[in-house]
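Chemist: Counted the way the working numbering counts, the sequence shown spans residues 3 to 184.
Be careful, since some hints might not be right.
Using C-beta positions, here's what the derived DEER-type ranges look like [unchecked claim]:
1) S95 - K74: 38 to 46 angstroms
2) S68 - A134: 18 to 26 angstroms
3) K56 - N111: 41 to 49 angstroms
4) N27 - S143: 28 to 36 angstroms
5) I50 - K74: 40 to 48 angstroms
6) G104 - A134: 15 to 23 angstroms
7) Q121 - Q54: 33 to 41 angstroms
8) T43 - P72: 43 to 51 angstroms
9) D123 - T48: 19 to 27 angstroms
10) H177 - S95: 17 to 25 angstroms
The hints are simulated quantities; they were obtained by calculation from the structure and are not laboratory data. Where a beta carbon is used, it is the ideal one built from N, C-alpha and C, also for glycine.
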Amino acid sequence: MRSKLTVPAVALLLLSSTARGDINNCVMQLSPLEHDYGDLTRDRQTFITTPQGKVAQLSERRSNLSVTCPEKALMRLRFTGDSHADGSFRFGSKGRLNVTIGEAVLDGNPMLLTRTTPQGDAVAASHSLRAADEIIPGNSSVQGHNLNLTLTITPYLAGAAFVVPDTQLQEELIHIELLNTQ
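Using the sequences and the accompanying hints, generate a full structural model.
Modeler: Here it is in structure tokens:
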């Protein structure tokens, strides 16, 4: 049995409607916008055992995210999408998607990233993201013109996803918003 698997998720980039002022003049770009895993068959997967059962870990893929602003601005990004109860991103109906952000460079300078969650802030070179996490390069006072980041995407697909009579599309959509911080 075959299952077609596509990840346009990390792909769709949406600018927040709450962005005002200088943020409106900023441009966000994500490349590539889509990661297509093609047709997948159960017999070609290596399954690992997790607390949720057996899952196939698909290959890690990377996308580059850039934000360019004509005036210096604080660049706060929010990541949202369908999620499981623990906040991890869903991957279709039978999987999950790990999203890691890192390799931040602001105006040519490597930066640590601050992740804001309901549990508090954490500063590190990279973060594993959950739905509704917000990311700031540096701290809440650092502003810049050009921000470049790398998103690393790793989908996990439950073994049950390969037991289907027909081809199914497994996908997920993650929204990235540039927030107004003024």
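Chemist: If a hint holds in the structure, say so; if it does not, say that too.
Modeler: A quick look at each hint next to the structure:
Taking 38 to 46 angstroms as the suggested C-beta distance range, the pair S95 and K74 conforms, at roughly 43 angstroms. Between S68 and A134 the beta carbon distance is about 22 angstroms. The supplied range of 18 to 26 angstroms therefore holds. For K56 and N111, the hinted distance range of 41 to 49 angstroms is satisfied, since their beta carbons lie about 44 angstroms from each other. In this structure, N27 and S143 break the distance hint of 28 to 36 angstroms, their C-beta atoms being roughly 21 angstroms apart.
Take I50 and K74: their Cβ atoms lie about 45 angstroms apart, and the range 40 to 48 angstroms holds. Between G104 and A134, the C-beta spacing of about 19 angstroms keeps the proposed range 15 to 23 angstroms intact. Range check, Q121 to Q54: about 22 angstroms between beta-carbon atoms, so the 33 to 41 angstroms window is missed. At about 49 angstroms, the beta-carbon gap between T43 and P72 stays in the expected band of 43 to 51 angstroms.
For D123 paired with T48, a C-beta distance near 37 angstroms fails the hint of 19 to 27 angstroms. Between H177 and S95 the C-beta distance comes to about 19 angstroms, which sits within the given range of 17 to 25 angstroms.
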